[in-house]
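Chain order of the listed sequences is H and B. Per the numbering used here, the very first residue in the first sequence carries number 1; after that it's consecutive. Per the numbering used here, the very first residue in the second sequence carries number 1001; after that it's consecutive.
Treat the hints loosely; a few may be bogus.
[Unchecked claim] Label-pair restraints from in silico Cβ distances:
id: 1; chain 1: H; residue 1: S45; chain 2: B; residue 2: D1009; range: 18 to 24 Å
id: 2; chain 1: H; residue 1: E233; chain 2: B; residue 2: R1184; range: 32 to 38 Å
id: 3; chain 1: B; residue 1: D1116; chain 2: H; residue 2: P352; range: 43 to 49 Å
id: 4; chain 1: H; residue 1: A124; chain 2: B; residue 2: S1282; range: 58 to 64 Å
Calculated from the structure, these hints are not laboratory results. A virtual CB, placed ideally from N, CA and C, is assigned to each residue, including glycine.
There are 2 protein chains.
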Amino acid sequence: MSVGIRHDDLRRRNRAMVISAVRRAGQPSRTEIAATTGLSHSTISAISSDLIQEGILAESKASETVSMKRGRPQVGLSLNPQAAAVLAVVLSLNFLSVAVIDYAGQVVAEEQRRLDTLTMSRDALIGECVAIVRRRLEDPDLDVQSVARIALAIQGITDSHARAMLWSPITPQTNIAFADILEREFGIPAIMENDCNMMAVALRWRDPHRYRDDFIAILLSHGIGMGLVLKGELFTGTHSSGGEFGHMIHRPGGALCRCGRRGCVEAYAGNYAIWRNARQMSENAEPVADVSDAEMRTLAARARETDGPEREAYRKAGEALGFGLGSLFALIDPAPVAMVGASAAAFDLIEPALREAIAQTAGGQHSGSISFDTEPNELPLIREGCAMRALSFVDQEIFAPSIQARAGSVGKNVA
Amino acid sequence: MSVGIRHDDLRRRNRAMVISAVRRAGQPSRTEIAATTGLSHSTISAISSDLIQEGILAESKASETVSMKRGRPQVGLSLNPQAAAVLAVVLSLNFLSVAVIDYAGQVVAEEQRRLDTLTMSRDALIGECVAIVRRRLEDPDLDVQSVARIALAIQGITDSHARAMLWSPITPQTNIAFADILEREFGIPAIMENDCNMMAVALRWRDPHRYRDDFIAILLSHGIGMGLVLKGELFTGTHSSGGEFGHMIHRPGGALCRCGRRGCVEAYAGNYAIWRNARQMSENAEPVADVSDAEMRTLAARARETDGPEREAYRKAGEALGFGLGSLFALIDPAPVAMVGASAAAFDLIEPALREAIAQTAGGQHSGSISFDTEPNELPLIREGCAMRALSFVDQEIFAPSIQARAGSVGKNVA
DNA sequence: TCCTATTTTTTCGAGCCTCGAAAAAATACT
DNA sequence: AGTATTTTTTCGAGGCTCGAAAAAATAGGA
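Model the full structure from these sequences, guided by the hints.
Okay, structure coming up:
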């Protein structure tokens, strides 16, 4: 079960702590690190001196901000961009993108590609992913030695070990062990992550003030996804990648959902559901495979114009999301929410009914104080989350390795 | 934020680890502890020698089990019952109980008392609690010096710091800071816990095999409560004591709930709801204050006898619980469930509809494999949970104190 | 009964790690 | 140029865990 702390672990953990303090703060001085970690100046001095010698950190003179103070000026520590690199691969509907990110978190190269994911064969899909990664790795500008990790995000359900996609709405294929495939192909540790979880990770890095310990990222897209952070940690359910907010039951026996069941939140709030309601089709009508963003924008525009079926469709979406959030809040208490994805641009149409619904639930007691952010563009968020997740792995598993891990088994993912 | 590991913490943590290994295993030998903690024999030897000298642990010769082995026989280590004592106070509807528990977890004294909690004044309620604790502390058989912690459990909502009851169905009073009151009165650190959470804690100790890392304890009583353990830790929401499963929305705008809202799970599955449906009253009828266990037994008996409104009432309860669990499972993935409380004795009437409902949800995909345990008697569970929680505090905060804590502020609760 | 094999527990020195205090370094102010 | 101030490094002390070896305690066999 719980394991004691060995003496070697001590240095390891404190190294990891220093690295993560630098990653969070950007250019902290040794004194600042000592303050945030609670360790003594001597310890920080020793550890950072090691890390600099190993090329993981670098001193960056220009602290510039407070150089008006008396005394010896602080020396900023920063991540050495060349210490390592990671690849962030995002596979979404009809779209594949890869980015090379340096150790400091800057994108140094990227490539994007349109594919027809819904009709591609299994081998073609895998082949495209492998090929795009290979092209980046073969880039002569890139020091391949330094690529330490590949993180791949996909919409859908992943297994609990972050190895495989189990099911995804973007392809009829199931059970593709992308992480294992890439790892075997390139000999670089890889992980497979759920896109909404990566959105949540990214939000935490982007705005740690607002998205600190507990918050919710909801993807409003063809389907409804969620990334949930509780107590500062990504919550991924106990078996799968969890957090299937879109498939909480809104109305038992209600509208037909893409998953084949009835009454899920998604069956009212997913793009296909809004589209179906806007056209006044039956709730039992088979969900369509895809609705273009342009078409959704047209629906939203018409909903804003006249009080017709389009507006009612958005109202129903808001109601479903509101009751779903209300039930969620009953379990975890209210937390900040980020609405991400194309339909977040129509949040003005969704919000009134959402707030009205949430106010009728136990979790929504203080529904006025619950705040919603919107971010229509999910792709950069997902990529950013992938990158940070991969970099965290490098921070902890490679640059602050335990004794056993130093022997080095590829593919242990604990990040 | 995250704090580095100071050198002093090392011993502290490993001490705590040894104590907790002994509490879990009962009578482990030093060798067994070394194996489970991963620490070296020398370290375990040093730490346990300290703990024995301090009177926290004791050697208990009779290992008896494997004395047929060659070699030096193992010496079992056990908790010294006299090392400390804790008080577990359980306040429930019309009932107040207190138990004194020794450090090894055995009940050494107890007292129970009937009160009319629904009509008592605030002062009377507080007075009774203080008085019953005082009587136990004044027991001449008890070494008062050794009482290290009081844990008080109550049905209802507690604040996130485990200090106060915010709201409870057993009394019209609100916002009673029981923990602070007892702490001030007796100078002993106290905590205030939610009853369902304590049930979950107790289940984990009772059957660690079944209730390990993720499981759900549901209290089927006048209201519906839940204790949720995720990743081996009690999940208590972000603000309040969380986990208001009973107030997830089952049917938007549906039956009137005791909380004043509509369509909560409890409004279909709480005793008052079953009673209301069994009498074929309107779903809008005001919930009654209390239904006796005897009356519920009569309802259940009649439901088993004939297919009338009683059976239908239990069916509706099962349906509500099933859809609620389904939504919960969509978020956290399926986990073992324990049904606790008087109505768990009628689980045979609830289960069919529950399973049917859960099978219609995303979380219930493998609904056949979800297993339910029943435990009609919640009181012993709650008390046991209180005791273990208080003892864990003693283990960690008193017998493995950090340097700062050794200066000793009363009332920091981290257990 | 005594000796040997076996297993558990303790002892002891080595090696790290963190800490506090003091020294050194680097700047602003006068 | 000297002083005050702040940051960073240095250095010895004290603790902790570890591995190896010794000590302790038993069962089995001659």
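Practice task
State, for the Cβ atoms of H/E233 and B/R1184, whether the hinted interval 32 to 38 Å holds or is violated.
Solution key: Since the Cβ atoms of H/E233 and B/R1184 sit about 35 Å apart, the hinted range of 32 to 38 Å holds.
Exercise for the section: Mind checking the hinted window 43 to 49 Å against the Cβ distance between B/D1116 and H/P352? Expected result: holds (46 Å)
Practice task
Could you tell me whether the CB distance from H/A124 to B/S1282 stays inside 58 to 64 Å?
Solution key: holds (60 Å)
Exercise for the section: Look at the Cβ atoms of H/S45 and B/D1009 and judge whether their distance stays inside 18 to 24 Å. Expected result: holds (20 Å)
Taken one by one, the earlier hints all hold for this structure without exception.
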